[in-house]
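Based on the hints, put chain B in the right spot on chain A.
Chains A and B, in that order, give the protein sequences.
Position one of the first sequence corresponds to residue 1299 (our numbering), numbered consecutively onward.
Position one of the second sequence corresponds to residue 1299 (our numbering), numbered consecutively onward.
To be clear, the hints were calculated from the coordinates, so they are not data collected in a lab.
Any given hint could be a false lead.
The list makes no distinction among identical chains, and a pair is therefore deemed to hold if it is satisfied within one copy or across any two copies.
Said to hold, decoys possible - List time: in silico EDC-like cross-link candidates among lysine to aspartate or glutamate, alpha-carbon distance up to 16 Å: (1) Lys1470 with Glu1422; (2) Lys1346 with Glu1322; (3) Lys1470 with Glu1378; (4) Lys1346 with Asp1414; (5) Lys1345 with Glu1335; (6) Lys1470 with Glu1415; (7) Lys1327 with Glu1415; (8) Lys1346 with Glu1335; (9) Lys1392 with Glu1441; (10) Lys1392 with Glu1475; (11) Lys1345 with Asp1414; (12) Lys1470 with Glu1310; (13) Lys1327 with Asp1413.
2 protein chains.
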Amino acid sequence: MITSPSSVRRSERSRRATLEAALELCTEKGYGRVTVEAIAARAGVSKKTIYRWWPSKGAVMLEAFAGMLAGATPFVDTGEIEADLRTHVNGIVKLISTPPYGPAYAGILSEMHHDDELARAVREQLVGPRVEAAVERLRRAQEQGQIPEDADLPLTVEMLYGPVYYRHVLRKPAQDEATVAALVAHVLRSLSAGPRPAGEGGAQASRGEG
Amino acid sequence: MITSPSSVRRSERSRRATLEAALELCTEKGYGRVTVEAIAARAGVSKKTIYRWWPSKGAVMLEAFAGMLAGATPFVDTGEIEADLRTHVNGIVKLISTPPYGPAYAGILSEMHHDDELARAVREQLVGPRVEAAVERLRRAQEQGQIPEDADLPLTVEMLYGPVYYRHVLRKPAQDEATVAALVAHVLRSLSAGPRPAGEGGAQASRGEG
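With the rest of the complex left out, here is chain A:
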């Protein structure tokens, strides 16, 4: 069977319609009440079509969310790591606290709890690549002497993302920009080397500024 250009276009259109329908319904009804049937009806595709591309409702939502996340929270590199981390974390906070993405992601996190396949997909397709990209951006800052050579980059990423998840999951008010700025400043300051919260440390010598 040869796939014609027009059928590829049709597929792509159906795919987009499905992702949009999923997010729309999530806004209107809340994640828990969205069904694959309803997504299919809204998107004007068959249930069979949806299941050909995605194993579950959670997987549809994940793809819709991941697409938005990557677009809305790029890892800019202006050469200033502190400003860039602020931009990045603010982007995540904004996305995660705005319908439909916020509720959609909360729904995905909730569903992950009893859907092992979705949990793996979230870690591998969404979180993993984001963490790698974050570590990559931090590594460039390291090369430029903006953060210490021996900084623990994966821990740095967890300290940045952790409080955002903490508030999101507990449905506390999202961070405002001042709080994000304070978080980023604290996390960067925490990277200064030394066994305890010391003042002037030897291993800090490589940091170009301050």
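Below, chain B alone, put in the same frame as chain A:
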């Protein structure tokens, strides 16, 4: 109506049986498949009795979990803030990654997403008092000159708990003791005053050690 001592005892026994049954069933079936009916049957009480005390399954689970949490993760005060925070965070990590409490809490967090009353209960009855106790312990450390006078204590608590929640929610492996120690050391180091990750800061003078 006068409540006799024996009926109080009976009530207390039913209450405990209900909480134990809830956690047992959660271990056996997973949070999502536990029903109030099943809890009542296992505990040997009526559904009516359960609903007299708790508005929902989530509320039963919350009380069972909160009781354990407070017992398992006290705020010790040995006079050494860094060691005490390690003890505390390790206790939370252990509890949150061990059945039945780990899955029960994940279930509660998941249910909070579409149960506003439960969300409020979790924040007011579980998270709020824990955060206050944590801030209290940090304040004593502040008075003893172990952390800077101008440290942002609520932010400190979020930086400690955030990464624990982050891993729990994403179902990543829980922190081991070395990772917790690194987190605590970083968070304490981040509290040194100054507008940027600077080396020797004026406002650090009040810290007694380092």
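Do the hints match the structure? See the list:
no. : hint                 : in the structure
1   : Lys1470 with Glu1422 : between (27 Å within a copy, 11 Å between copies)
2   : Lys1346 with Glu1322 : neither (20 Å within a copy, 39 Å between copies)
3   : Lys1470 with Glu1378 : neither (30 Å within a copy, 30 Å between copies)
4   : Lys1346 with Asp1414 : neither (22 Å within a copy, 35 Å between copies)
5   : Lys1345 with Glu1335 : within (6 Å within a copy, 34 Å between copies)
6   : Lys1470 with Glu1415 : between (28 Å within a copy, 14 Å between copies)
7   : Lys1327 with Glu1415 : neither (24 Å within a copy, 18 Å between copies)
8   : Lys1346 with Glu1335 : within (10 Å within a copy, 36 Å between copies)
9   : Lys1392 with Glu1441 : neither (30 Å within a copy, 36 Å between copies)
10  : Lys1392 with Glu1475 : within (10 Å within a copy, 33 Å between copies)
11  : Lys1345 with Asp1414 : neither (22 Å within a copy, 32 Å between copies)
12  : Lys1470 with Glu1310 : neither (38 Å within a copy, 33 Å between copies)
13  : Lys1327 with Asp1413 : between (21 Å within a copy, 14 Å between copies)
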